[in-house]
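Peer 1: If you want the building blocks of each chain, they are given just below.
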Amino acid sequence: MIGVSYSIGAVLVFVTAALLILVGAVGVLAVRNPVHAAMSLIMTLFGVAVAFVAQSADFLAAVQVIVYAGAIVVLFLFVIMFLGVDRREGVRVEPLVGQRALAGLGVGLTVAGLIVLLARSHWVSGAMSVSTNGAPLATGSGNVAQLGTAVFTTYLYAFEATAALLVIAVVGAIVLARRERALDEEAA
Amino acid sequence: MNVPAAWYLVLAAVLFGIGAFGLLTRRSALIMFMCLELMLNAVNLTFVSFSRTLSDVAGQVSVFFVMVVAAAEVTVGLGIVVAIFRRRRTTSVDELSEMKG
Numbered sequence: 159m160i161g162v163s164y165s166i167g168a169v170l171v172f173v174t175a176a177l178l179i180l181v182g183a184v185g186v187l188a189v190r191n192p193v194h195a196a197m198s199l200i201m202t203l204f205g206v207a208v209a210f211v212a213q214s215a216d217f218l219a220a221v222q223v224i225v226y227a228g229a230i231v232v233l234f235l236f237v238i239m240f241l242g243v244d245r246r247e248g249v250r251v252e253p254l255v256g257q258r259a260l261a262g263l264g265v266g267l268t269v270a271g272l273i274v275l276l277a278r279s280h281w282v283s284g285a286m287s288v289s290t291n292g293a294p295l296a297t298g299s300g301n302v303a304q305l306g307t308a309v310f311t312t313y314l315y316a317f318e319a320t321a322a323l324l325v326i327a328v329v330g331a332i333v334l335a336r337r338e339r340a341l342d343e344e345a346a
Numbered sequence: 012m013n014v015p016a017a018w019y020l021v022l023a024a025v026l027f028g029i030g031a032f033g034l035l036t037r038r039s040a041l042i043m044f045m046c047l048e049l050m051l052n053a054v055n056l057t058f059v060s061f062s063r064t065l066s067d068v069a070g071q072v073s074v075f076f077v078m079v080v081a082a083a084e085v086t087v088g089l090g091i092v093v094a095i096f097r098r099r100r101t102t103s104v105d106e107l108s109e110m111k112g
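Going down the list, the protein sequences come from chains A and B. Every number in my numbering is 158 more than the matching position in the first sequence, counting from 1. Every number in my numbering is 11 more than the matching position in the second sequence, counting from 1.
Hints in this document: simulated from the structure, not taken from any laboratory. Every value quoted in this text rests on a predicted model; they were computed, and no experiment measured them.
According to the in silico footprint, chain B covers these stretches of chain A (three or more CB under 8 Å from chain B):
1. 183 to 194
2. 200 to 208
Label pairs and their calculated CB-CB ranges:
3. A:173 x B:99: 40 to 48 Å
4. B:108 x A:163: 55 to 63 Å
5. A:332 x B:101: 16 to 24 Å
Just so it is clear, CB atoms sit at the ideal spot from N, CA and C, and this is done for glycine as well.
Based on the provided sequences and hints, a complete structural model is requested.
Peer 2: What follows is the structure, given as structure tokens:
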């Protein structure tokens, strides 16, 4: 791997994506105001979208921006403002003694283990595609066609199941968040 | 030539670690949900990297389904946060200790 030169553009795209992702992720952890955390989350999500485009997942990058940065973060912001919890959480206090140190240790070990695993394993790569009949991964509009073909043929049942899942989730959210009318009248 | 997928895999591992650390240490339920999203995105990034390495669109289909499940999870999760906030006037998980033995 050493000695191979990568195109300057690809390296630049990777560095941009990595910076967006890591700065945003650290921001989610470090800031105390939940609204700022949601803004940092958007930054990370955009970084992931950049990484998706760089790896020829164009459709997923678009969905990432629309669904994650659009819908999910807006939902977060809506709940933050609806509840009025945009006051600060004391990040300095540590109610459980040693919680942070233990969490840091566990996470550090996990990440180190993942990277060691990555460095020591060998993967088969090349034209191994099963779901596209051996065709290489397409980019641009070809990516949408490939993904659509896979979703509506091989993964059709899973796709239909997600439709049911979404309906159940929406009904569940309404039931959970609905104000009980009887309780309201009692209180009034 | 594009950068090797291993670079993106390391980036995803670090992102997963940051998300896990936040989930373990922060106490606001909303921030914990955001950290969960970070971890899900790290896994999505891994899926896409392997999809490129193996030149197989199945990894991208998995990411598609992960996104759908994540959207459903956030909807229900935030519904629960709203319901808890109505009862207890807080979103801090430290103060939700009714089920403590």
